[in-house]
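From first to last, the protein sequence lines stand for chains P and B. Each residue of the first sequence is one higher than the one before, counting from 2 in the numbering used here. Each residue of the second sequence is one higher than the one before, counting from 866 in the numbering used here.
The hints are simulated quantities; they were obtained by calculation from the structure and are not laboratory data. Note that CB positions come from ideal geometry on N, CA and C, so glycine has one too. Errors might be hidden in some of the hints.
[Stated by the list, open to error] Distance windows between CB atoms, simulated:
# : chain 1 : residue 1 : chain 2 : residue 2 : range
1 : P       : 140       : B       : 914       : 42 to 48 Å
2 : P       : 259       : B       : 1049      : 20 to 26 Å
3 : B       : 1053      : P       : 238       : 37 to 43 Å
4 : P       : 148       : B       : 992       : 29 to 35 Å
[Unchecked claim] Counterexamples of contact, computed for chain P against chain B with all Cβ distances above 12 Å:
#  : residue
5  : 37
6  : 41
7  : 43
8  : 54
9  : 58
10 : 62
11 : 63
12 : 70
13 : 99
14 : 157
15 : 185
16 : 193
17 : 219
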Amino acid sequence: MTAAVPEARRTGLAGNTRPTVGWPVVARHEIGQLWSDGKGLSILFGFTLLLSILGYLASADAGINLLDARESVGLIVTVSIALGTLGAMVVSADAISGERERDTLEALLVTPVPRRHIVVGKLLAATTVWVATLLVALPFAVVMAGGPGVTRDAVTVLLVSGSLSAAALTALGLAISSLAWSNRTSLAISLAVLLALAAPSQLPAVRSSTTLGPILIKLNPVSASLRLAENVLVRQEPWADQIAFVISPAVAAVVFTLVAIRLARRLELGGSR
Amino acid sequence: MRRRAGSLLWVLLCVAVLLLLALPGRTSATTAVPQQGDTTLGDVTVVVEPMSSSVVLGDDLALQITVANGGAAATDPMVLHLDILDRNNEGSVDPEDWTSTLTRPIAEIPAGGSTNVSWTVQPISAGTFIAYAVVVKPSGTGLTASNLAEVMVEDRRSLNPGNILPLAIGAPLVVGGALALQLGLGRRSGRDGRRTVGVEGSTGGSST
């Protein structure tokens, strides 16, 4: 991120006493750095490789009628949402604490870019990981769907449910990164939170419970997104019945983004601690 | 006199042993119990058709099961159960993988009547299997088993299931290629940078 400092000066941000709109500059630099130093492509390559193996195996099962086409697409969409969200969260969890650990946060904070713009720029950059995984997942969903109806459902689930879930967790990862004093702590907490959010929906006790189970799944943004994918793609439930599964990811995306921006005011170097 | 008494003792011992052997044992007594009251089931026959069939992996196979009542009285309601055995592995397969329903109710069958049940199964692996069915009365302990129907499942392999292969190979190749190119370029620019620094350093050194 240190490269953002000269650009900020070049664009006239330095020396300007009034805070300027700096998030496009930060976002552009963060995106450039993410996708030019091999980090973004490494995550995307791992995701693509896994999706290819899963897609091939699911198609082979569907080919001998062990899986319905909707089930195989549901699997791919669910895995894409989970892994795409994970990738974006890992990048965002590194955003602030990584700068702090590499001693580059100071240089970033002395630029006249408002701190919330720094956070917004970093948030947008981390979100591009989800966009990239979405671009990889869409062809798989289209090829495996084998019909316009399933394709439409798969694409809509990825765009709506996956994007909301990714936005929520990317912002959460950034908020954790703002608070954590070491990169390792930030990544560990972020992964633990993601696991804690994703696990309940997979537990048989929660899935089979008719009282508390549905409430827990709807309240949890990750499990709500995964359940929506299953409901629409595998169980062929109508979209009109899925509103409850969109609310918590949407609310979480807004709340966590606001929290991350709010925490930007308290950005500290951490060296003194 | 003593010799006659010894012979008599031997004869008595032999008679006692014979009597003990002739007495009915507990085992035979208990096995006789379930057959009481199951006479109706004894007149029931079950036939699975086709006796021998061949199917390609992934395709459906319809088994026709006929439950007939050869008795003089109507049967009680019964339960029909299907099972599958893997002949090659000499073990059993999980029949639930082949069909979602393992048991089906059979209503009362009148005397001399029969009931046909069509049971569609879908093999999940290649090999030679044995399918058979049994009927049991929920209230009783006896059962009637069918013939053994042989099911040969031919393997089906496709290298490109659902036309996914080009995408499954192409997508990682494109992303991996981009990553390799990026890493290669980064390494090259790093080398060039070091070389430039080295040249500048040596130039600077000579000038001073």
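Decide, holds or violated, for the assertion that all CB atoms of chain B are farther than 12 Å from the CB of residue 193 of chain P. About 28 Å separates residue 193 of chain P from the closest Cβ of chain B, which puts it past 12 Å; holds.
Is the hinted range of 37 to 43 Å satisfied by the C-beta distance from residue 1053 of chain B to residue 238 of chain P? 53 Å, violated
Separation of residue 41 of chain P from chain B, once the least beta-carbon distance is taken, above 12 Å: 9 Å, violated
Evaluate the condition: distance from the CB of residue 185 of chain P to the nearest CB of chain B exceeds 12 Å. 25 Å, holds
Given as non-interface: residue 157 of chain P, which should sit over 12 Å from chain B by C-beta: 20 Å, holds
Would the non-interface assignment of residue 37 of chain P survive a Cβ cutoff of 12 Å against chain B? 7 Å, violated
Taking the CB of residue 259 of chain P and the CB of residue 1049 of chain B, does the distance hold inside 20 to 26 Å? For residue 259 of chain P and residue 1049 of chain B the Cβ distance comes to about 42 Å; the hint is violated.
Is it correct that the beta-carbon of residue 58 of chain P has no partner in chain B closer than or equal to 12 Å? 9 Å, violated
So is residue 43 of chain P really clear of chain B, every C-beta pair being over 12 Å apart? 6 Å, violated
Using Cβ atoms and 12 Å as the threshold, tell me whether residue 54 of chain P really stays out of contact range of chain B. Label violated. Min Cβ-Cβ 8 Å, cutoff 12 Å.
With respect to the beta-carbon atoms only, verify the hint that residue 140 of chain P and residue 914 of chain B lie 42 to 48 Å apart. 46 Å, holds
Interface exclusion of residue 99 of chain P relative to chain B, criterion Cβ beyond 12 Å: 19 Å, holds
Hint check: violations occur at hints 2, 3, 5, 6, 7, 8, 9, 10, 11, 12; the rest are consistent with the structure.
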